[in-house]
Amino acid sequence: MIEIENVKKSFGQLEVLKGVSMTVDRGEVVSVIGGSGSGKSTMLMCINGLEPIDEGRILVDGTEVHAKDTDLNKLRRNIGIVFQQWNAFPHLTVLENTTLALRKVLGKSKKDADEIAIKQLEHVGLGDKLKMYPSKLSGGQQQRMAIARALAMEPKYMLFDEVTSALDPQLVGEVLDTMRLLANEGMTMIVVTHEMAFAREVSNRVAFFKDGLIHEIGTPAQLFESPERPETADFLKSVL
Amino acid sequence: MFGTSITWGDISFMLSGAGLTLAITFWAMLGGTLAGLVFGVIRAQSPWYVNYPLGTVLDVLRSVPLLIQFILFNSFQSIIGLNMNPFVVGCAVLAAYTAAFCTEIVRGGILSVPTTTRRAARSLGLTYWQDLREIVLPLGTRVMLPSWIGLTLGVMKDTALVYAIGVIELLRSSQIIITRKPHEALVILAIAGLMYFIVSFPVSRLGAHLERKWREND
Amino acid sequence: MFDINYTFHWNQAFRALPDMLAGAWITLQIAVLSMVIGIIVGVVLALAKQSRFVAARGFATTWIEIARNTPALFQVYMIYFGIPAVLQLVASWFDIDFRAMGINIFYLDSYWAVLVGIAFNNAGYLAETFRGGLRAVPDTQTRAARSLGFGPFDAFRLIVLPQMFRAVFHPMTNQMVWAILMTSVGIFVGLNIDLTGVTQELNARTFRTFEFFALAAAIYYVIAKIVTSGARLIAWRLFRY
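Chains as they are written, first to last, in this note's numbering: chain H, 1 to 240; chain B, 1 to 218; chain W, 1 to 241.
Next up, chain H with everything else stripped away, as it sits in the complex (with noise of 0.2 Å):
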């Protein structure tokens, strides 16, 4: 279970996180809706520790993300995420992006390693490009291969930010195709997205973000047909 704790965050004079809270359940698919800039990635840096907070507390598991004594890098092998640039390690195969943290982190021999990294990548359709260079991916690839690799290291939640925003609209397809598979599969993910009609089909539950505060939380049906608030109602409005 992840929760978060009226989460706090600025960066300078910009406060970007006013105060937010929710939780999400193992098995549950969260997905969070809003505009450009309302602090949605930032929630998603912050619940693995890529960015520390000013106030209020996260935790995973009931490990408190930002306190002193935990181990970050133990805590990331549970919280895979994928990112909108789909940061594929330019110097490393398609294989040997998968298997790198499986060596380094966890030890494997290179044997059990490409095993385990071969059974994510033919599971997200790249089990014919284990030997080439992410440069001759399409951005679509690259990105299944962002979610195989982090599938690879069996984490117990995925979080996805914003990973089809820098696709070419015909590749968009083919990532929520794999993350489709693994909602279905039981896979527990918050998801920041801008694909309304993928959240509303997937997600158990939807949260609206705006100016740094979570405005309005609930089923998709809920929140897509009959919004409580008028900001819901205006972004959707925008959006749809």
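Quick caveat, the hints were computed from the structure, so don't treat them as lab data.
Be careful, since some hints might not be right.
[Said to hold, decoys possible] In silico contact screen, one side only, chain B against chain W (beta carbon under 7 Å); selected entries:
no.	residue
1	A35
2	V60
3	S63
4	V64
5	P65
6	L67
7	I68
8	I71
9	L72
10	A160
11	L186
12	G193
13	Y196
14	F197
15	F201
[As the list claims (entries may be wrong)] Below, in silico cross-link-like pairs of lysine-lysine (DSS-like), each with a Cα-Cα straight-line distance of 27 Å or less:
no.	chain 1	residue 1	chain 2	residue 2
16	H	K237	H	K18
17	H	K131	B	K213
18	H	K104	H	K136
19	W	K225	B	K213
20	B	K181	H	K129
Glycine is no exception: its CB is placed at the ideal position from the N, C-alpha and C atoms.
Model the placement of chains B and W on the given structure of chain H, informed by the hints.
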């Protein structure tokens, strides 16, 4: 030979000078690169109170003529009674000078790796050092290597200045022959120039080639 | 091990400061002149390297590669020892007796040897800098300017040149600092009026090597800092975009 009064003895004297030039270059690059790696990593991510003093010291090394650094250090080591031989003094000073430039190359290489890529590595659970070793240094090398090759050539040319503390490298050996046979000055210098060129030119071409090749891949 | 039987005499060095500053002025003078010559010749070499004529390209390439692949001291030697040698050779071909004409061709003044040697080096490096600068401005800029009705000359002067200048400004500053530091090799051809030369003379008289050269190092550092900060100020004023 060449119908001149230059003898094989002169040539072999110059060749041994050239050997010394290469030896000093090697030791200076070895020491300078190792120190540059360490300082570069420190420079790339230290708070200002570490970065500023270190940066200033390295900046001084880059802003004072190397010739004067040789003389100064040589004088200093004899004052405190180290009695180092000139070859060692030459290598040590040139290594420090090299480190000053290498540090900026390494720092530039590290900063050239996008933060997002490093975040991706950390999010997979890689530690700070694993990220540096597996991701940042291999990627940064593409940026660093051409500059590093340029630095190597620069250092090789700068070895000419150890003359000031009495090491007889290639240029000094040429100059000695010139004082004996002043009418052959042009031929002797042409031979010395050719020796520099034979080492320098292919290496600089390799550097340019690598730079072009890597730019195409990005 | 650190048995120091040496007393530092800093007063002696500071008393010599006016002489050293006079030397620093000569250093700066050589550096500036070598830059001016280097920039003019560098532009010519950069253009020659793109010329249709094989001879012009060959000449420029030879100059640039020698400048970049041999030590600056070597280039100063080439001027200092080489030019008199060439002149003597030519004189012997044509049976001219310069000495009878009262011209001493067996000796080249060290000031000129250093100035010309460093100018030669500057020209070679700057030629490559200028070539890079030309490439840094895309052809589309010229096309866009021409499409607005500028003539080819105005398009170059008003659109390409300012952008090119920005690309070469920083490397030119580096070259200037480098020229200042490199004038110190004058000591090897007997130059005794620049900062290093003056320092060496003082050193030969007093054997206070460390004090004098430490002071010289400080002066070089200050000059280098003044040049780089000045350049930064100019860049900040000029390149607001």
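Going down the list of hints, with the structure as the test:
no., hint, result
1, A35, "violated (20 Å)"
2, V60, "holds (6 Å)"
3, S63, "holds (4 Å)"
4, V64, "holds (4 Å)"
5, P65, "holds (4 Å)"
6, L67, "holds (5 Å)"
7, I68, "holds (5 Å)"
8, I71, "holds (5 Å)"
9, L72, "holds (5 Å)"
10, A160, "holds (4 Å)"
11, L186, "holds (5 Å)"
12, G193, "holds (5 Å)"
13, Y196, "holds (5 Å)"
14, F197, "holds (5 Å)"
15, F201, "holds (5 Å)"
16, H:K237 - H:K18, "holds (25 Å)"
17, H:K131 - B:K213, "holds (21 Å)"
18, H:K104 - H:K136, "holds (25 Å)"
19, W:K225 - B:K213, "violated (36 Å)"
20, B:K181 - H:K129, "violated (68 Å)"
Checked against the numbered hints given earlier, the structure breaks hints 1, 19, 20 and satisfies all the rest.
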